[in-house]
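Participant: In the order they appear, the protein sequences are chains A, B, C and D.
Residues 2 to 151 in my numbering are what the first sequence spells out, letter by letter.
Residues 2 to 151 in my numbering are what the second sequence spells out, letter by letter.
Residues -12 to 70 in my numbering are what the third sequence spells out, letter by letter.
Residues -12 to 70 in my numbering are what the fourth sequence spells out, letter by letter.
Hint data in this document are derived by calculation from the structure and do not stem from the laboratory.
In this text the structure is predicted, and so the values were computed from the model without any measurement.
It cannot be assumed that every hint is accurate.
[Unchecked claim] Simulated crosslink set (BS3-like; lysine-lysine; CA at most 25 Å straight-line):
id: 1; chain 1: C; residue 1: K56; chain 2: C; residue 2: K(-11)
id: 2; chain 1: C; residue 1: K38; chain 2: C; residue 2: K56
id: 3; chain 1: D; residue 1: K38; chain 2: D; residue 2: K56
id: 4; chain 1: B; residue 1: K44; chain 2: D; residue 2: K56
id: 5; chain 1: D; residue 1: K(-11); chain 2: D; residue 2: K56
id: 6; chain 1: A; residue 1: K133; chain 2: C; residue 2: K56
id: 7; chain 1: D; residue 1: K38; chain 2: D; residue 2: K(-1)
id: 8; chain 1: D; residue 1: K56; chain 2: B; residue 2: K133
id: 9; chain 1: B; residue 1: K133; chain 2: D; residue 2: K(-1)
id: 10; chain 1: B; residue 1: K44; chain 2: B; residue 2: K146
id: 11; chain 1: C; residue 1: K(-11); chain 2: C; residue 2: K(-1)
id: 12; chain 1: C; residue 1: K56; chain 2: A; residue 2: K130
id: 13; chain 1: C; residue 1: K(-1); chain 2: C; residue 2: K38
id: 14; chain 1: A; residue 1: K146; chain 2: A; residue 2: K44
id: 15; chain 1: B; residue 1: K59; chain 2: A; residue 2: K146
id: 16; chain 1: B; residue 1: K146; chain 2: D; residue 2: K(-1)
id: 17; chain 1: B; residue 1: K130; chain 2: D; residue 2: K(-11)
id: 18; chain 1: A; residue 1: K145; chain 2: C; residue 2: K38
id: 19; chain 1: C; residue 1: K56; chain 2: A; residue 2: K59
[Unchecked claim] To give an idea of the chain D side of the interface with chain B (calculated C-beta under 8 Å), a few residues:
id: 20; residue: A(-6)
id: 21; residue: G52
id: 22; residue: G58
id: 23; residue: A62
id: 24; residue: P66
Where is the CB? At the ideal position from N, CA and C, for every residue including glycine.
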Amino acid sequence: MIRVQQEDFDVGAEIARLTAGNRAIGGLALFVGLVRDMADREKIDAMTLEHYPGMTEKKLAEIEAEAQRRWPLEASLIVHRYGRLEPGDNIVLVACASPHRDAAFDACRFLIDWLKTEAPFWKLEETGKGPKWVEARDSDDRAKKRWVAD
Amino acid sequence: MIRVQQEDFDVGAEIARLTAGNRAIGGLALFVGLVRDMADREKIDAMTLEHYPGMTEKKLAEIEAEAQRRWPLEASLIVHRYGRLEPGDNIVLVACASPHRDAAFDACRFLIDWLKTEAPFWKLEETGKGPKWVEARDSDDRAKKRWVAD
Amino acid sequence: MKLMYFAWLRQKIGCGSEERELPAHVATVEQMLLWLETLGPGYRTALADRKSIRVAVNHEYVGAGYPVKQGDEIALFPPVTGG
Amino acid sequence: MKLMYFAWLRQKIGCGSEERELPAHVATVEQMLLWLETLGPGYRTALADRKSIRVAVNHEYVGAGYPVKQGDEIALFPPVTGG
């Protein structure tokens, strides 16, 4: 399941929905990305997440389908926010449920690694020196490559 | 923070408490272990988790301290239940918050891997053929060894 | 053809989305970028650093040699930074 | 000395915890296990498969050669299966 939304999400409620009635789930791995108040030693007052409606949903659905192909998942979920967010706010939730914990962990990390390099989102940070587009990180490309040799 | 308890836990509430007011957290990795209704092709009606009070808390605290030493964590939490549990019930929650997602993921997986082989808990499963003590798994020992060469 | 621009490409070009007729001589992504650069200084600045530009045709990432045609939805944007 | 037994060791021995005087000739974990086997058939059955027994002295995992003394809290249990 994937969702792209402006509103916040409630992790507890998302988990309840995701696992409801499924007694085959032995492990649930989650990742929540949050807005930090510092980046590259600069104070962040807020950030605005822009995205490409249509392509975002398509890419997220493809990435989720790939995870479902690679691991025996009982359930998975990606929720990604856009719009203006402040430090401490939730940005993204990734959750993977599987009979076994290794599959849940691997799939969850795969999803966030790929999402970071494939899903068309861009962050504009508001700093004391004015607005600044976040630059893509080499470490994110390397993180994605972890999964390519498989 | 570690807790050993009979009562259920509320993942949403635990996250809220763990991250409250901390704006340095960029990533939060969580693992929730749940009771499955099948194990080794046998139906499970319920299970009872026995533990060694005193040693359990000591071991969990040591494992958490080791994770804090190895990774730059802003917050961490282990909650482990004991007593009688039914399929779909929560068993364990592990959460790690860090400025960076790799540290959060690695620390979270480290905690659950070590907990599985170090914390003195034992599972008694109720199956159609009567009660059965769960046997330790080689795969858990191997999972722990991932972290020893570091 | 629908053209879409995101993040600093949108800001430099000064528009998020526009409809244009594809000139007859433009058959690939690379030819399209060369043509867009002739449309004004905003486009020229935005497209100067090719390494920082990603192109999607109909919601799929494509390379410089990919064919473009009238009716496509083409998006230009910098490397993504979500998650 | 406080002795504690968990999981199927507790069931086979038929008791979860007991106080005992440590005999003078028992100085190590291995000697303690040999002594416990003399206490009855439940102990003998429970301790038969040494590979399946973990020992903790005062809440720390220890090996067969570890010293034991009066006043220790000693726990015997199978490999753990929590999480």
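Participant: In ascending order, which of the hints set out earlier in this document are inconsistent with the structure?
Facilitator: 4, 6, 8, 10, 12, 14, 15, 16, 17, 21, 22
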